[in-house]
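K.L.:
Respectively, the protein sequence lines represent chains X and S.
First residue of the first sequence: 1, per our numbering; consecutive thereafter.
First residue of the second sequence: 1, per our numbering; consecutive thereafter.
Be aware that a few hints might be false.
[Claimed, not checked] Simulated crosslink set (EDC-like; lysine to aspartate or glutamate; CA at most 20 Å straight-line): (1) X:K391 with S:D261; (2) X:K391 with S:D160; (3) X:K213 with X:E202; (4) S:K271 with X:E236; (5) X:K391 with S:E266; (6) X:K201 with X:E103; (7) X:K391 with S:D132; (8) X:K252 with S:E266; (9) X:K391 with S:E206; (10) X:K76 with X:D51; (11) S:K184 with S:D279; (12) X:K391 with S:E207; (13) X:K391 with S:D199.
[Claimed, not checked] Here are some chain S residues the structure puts well away from chain X; computed CB gaps all over 12 Å: (14) E76; (15) T153; (16) A158.
It is worth saying that the hints were derived from the structure and are not from the lab.
Note that the Cβ used here is the ideal one computed from N, Cα and C, for glycine as well.
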Amino acid sequence: MTLYLAVFALLAAVHCEVLFNGDQVLRIHAESENHIQILKKLERDVDSGLDFWTHAVSTEQPVDIRVPHSSLYAVKDFLKKNNIPFTVIINNVQELLVREREEMVRNAEVERQTRRFNFAAYHDLETIYNFMDTLVASHSKLITKVNIGSTYENRPMYVLKFSTGGEKRPAIWIDAGIHAREWISHATAVWLADQIATDFKENRAPVPSILSKMDIYLMIVANPDGYVFTHRSPNEFYRFWRKSRSVTSNPKCHGVDLNRNWDAEFGGPGASDDPCTEDYRGPSAQSETEVKNIADLIMNHGNFKSFMTLHSYMQLLMYPYGYSGTDAPDQTELHDVASQASKALNSWHGTVYKVGSIFHTIEPASGASVDWAYQRGIKYSFAFELRDTGKYGFLLPADQIVSTARETWYALRYIMQYVCDHPY
Amino acid sequence: MLCAHWSRLRRVSSRSCCATALRSTHSSTRLSSSPERIMKTFCSVWLLLSVVELSPAQEPPLPETAEDMASTGDLEPTHYPARRAAQVALHYLNTRHGSPFRVFGLQQVHKASAEDVEAGGRKYKLDFSVTDWASGSAGPALRCSADVLFPRTERHSAPDVKLRCEALQQINRTVQEEEAFYQKHIPPDSAVSARDIPDSYGNMSEEMQPFWRLARVAASFIMLRESSENTEFNMVQMASVTQQESSEEQLMLEFVVLLHDLPSQEIVQWKLLASWSPDRGVRVLQTEWQPRCPHATKPPN
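Modelling step: build the complete structure from the supplied sequences, incorporating the hints.
P.N.:
Have a look at this one:
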């Protein structure tokens, strides 16, 4: 006898997992105070085996109850007799648990893949695009990959949208890689995407609170054609390519400087009308499909509150204007925000950024994205020039990627929090 | 231009208004003369207008050219005019004191001012700090002051630099490394040759570092010579180094360097022949501007 008991106990211990085969979850819609009282009495009855997922409090909120399979008929009969309406929201709890568990296993595998991604290295376009897919797969409720149009050479342009819901919430725009040779900007954006997702998942302030009120749009590669070109050969003609790859009026010279092609004092100072130059502005404002795709998205959305663009090098954090030396109307506030952000940046590794308007700090530049955004009412518009100050320039060693990305994140976090706290 | 005249006008008016006001307070209850009354009315209105600032129209500001912005007098140290002049002083510093184990980089401009000079140029006075890139981020900062004169001539001519750095003599700890490097590469069988330093990913071997620094120092001669108020040069890559036969106990190196000009964003390529020894430092013997791969659309094979 004791042997049987022992074997039974062993089997029970091994199969200690509770099963919920055929259990259902009912959603009760109490319509009167009387219904509430009945449900409260039912909940107090511990022998009923009913598992109240939400409690009977008022007629405003539904009451969810997991009902064991054996009690289903009796409970439904009881509710019908008391004229309490209900619906079955989960048909078979066990089935749901099995599916959830399978999903978790899948997610863990995908996450292992993301963690295997080497953030301390520069990657080509295909690898970055694969990374985006992996990231979206492991954070599918938070991130969607939006195809905003094609490049000149017909590559898709993707932006990662971080959103916890809502309809066209006030949004923050961040783009990288508009100038192909500035590899640290793409690499930083890749790291940022992962960091935002992870901070949200691990409930690390201020990301969850920012995302509860705002959406973040992150475009890791704003100039895919140019980026691919920089990978074609170590030859300097390829590696130091800056512009897009469109055909111009000069058959010997391709490409337009995408950050001189915006409709903001187009044709002004700091941009050239010669297709063979690095700062060729293009034949007309928004002539480049890459620029038009982004501009259209932002204008159609209509509710962006901040626009930030990542470049390299020079270690600068700048605000409008680029086309003129006159102070922007929000100069004082923008300078303050940028100064505080650069302090936050500096706190990570001691990296010093200088702060000022584009025109005064780096050079006059017309047709710039930050000016365009600002002129369209997106007040908190900033341009970053990331590391370094010239020692390696565009060829920043890969072992500085993560450090650069983290300090940039500190600055971006400050700005995003500020934007969130100062709605307009 | 108009702004300058306007503010001068205001200052003159204010002064005459001041004088009138003073006269009025000193005068007794005697009836003031007509001209004085007119003056007083004008002054009151003027003072009123000065106090009430008419709000500016909210139209986008007119673009200003770089010319307008180059103000005489104190310069904002974080703005590009001061920084460009400081970079020129840096190039000069590196031509004088750079070596395979020492290259200076600009850390910060503390104070800057500029003034037009009679001969038709512009002279910048700078107070700035530099760091030695070879000693990494731990290196101490050196305080320097410089006068940089950009001539304004028909054809471009090199800027003139007068430079003083404190404690420059004291940082001479690289003698041993220089000697070892020299001894290693002066023998006739040394034939160093390399391309793309650093590579696309920023990689550079330990062995290549001193050559890369030499390239920077040699490039500084070119950058100094080619600089103007409208350029801001930096070497972004040593495209190639090829050791030549040593001559007169000097290491002879042929470099191809890539310079990046910040305002135009152009990459400029120069080939140069330089010599170096611990005693004589860096000398540049020949320079030749190189056209870039002439807008080829196919990768060269």
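K.L.:
Next, verify each hint and record whether it holds.
P.N.:
Hint check:
no.: 1; hint: X:K391 with S:D261; in the structure: holds, 14 Å
no.: 2; hint: X:K391 with S:D160; in the structure: violated, 24 Å
no.: 3; hint: X:K213 with X:E202; in the structure: holds, 18 Å
no.: 4; hint: S:K271 with X:E236; in the structure: holds, 14 Å
no.: 5; hint: X:K391 with S:E266; in the structure: holds, 17 Å
no.: 6; hint: X:K201 with X:E103; in the structure: holds, 16 Å
no.: 7; hint: X:K391 with S:D132; in the structure: holds, 11 Å
no.: 8; hint: X:K252 with S:E266; in the structure: holds, 17 Å
no.: 9; hint: X:K391 with S:E206; in the structure: holds, 16 Å
no.: 10; hint: X:K76 with X:D51; in the structure: holds, 15 Å
no.: 11; hint: S:K184 with S:D279; in the structure: holds, 16 Å
no.: 12; hint: X:K391 with S:E207; in the structure: holds, 17 Å
no.: 13; hint: X:K391 with S:D199; in the structure: holds, 14 Å
no.: 14; hint: E76; in the structure: violated, 7 Å
no.: 15; hint: T153; in the structure: holds, 23 Å
no.: 16; hint: A158; in the structure: holds, 21 Å
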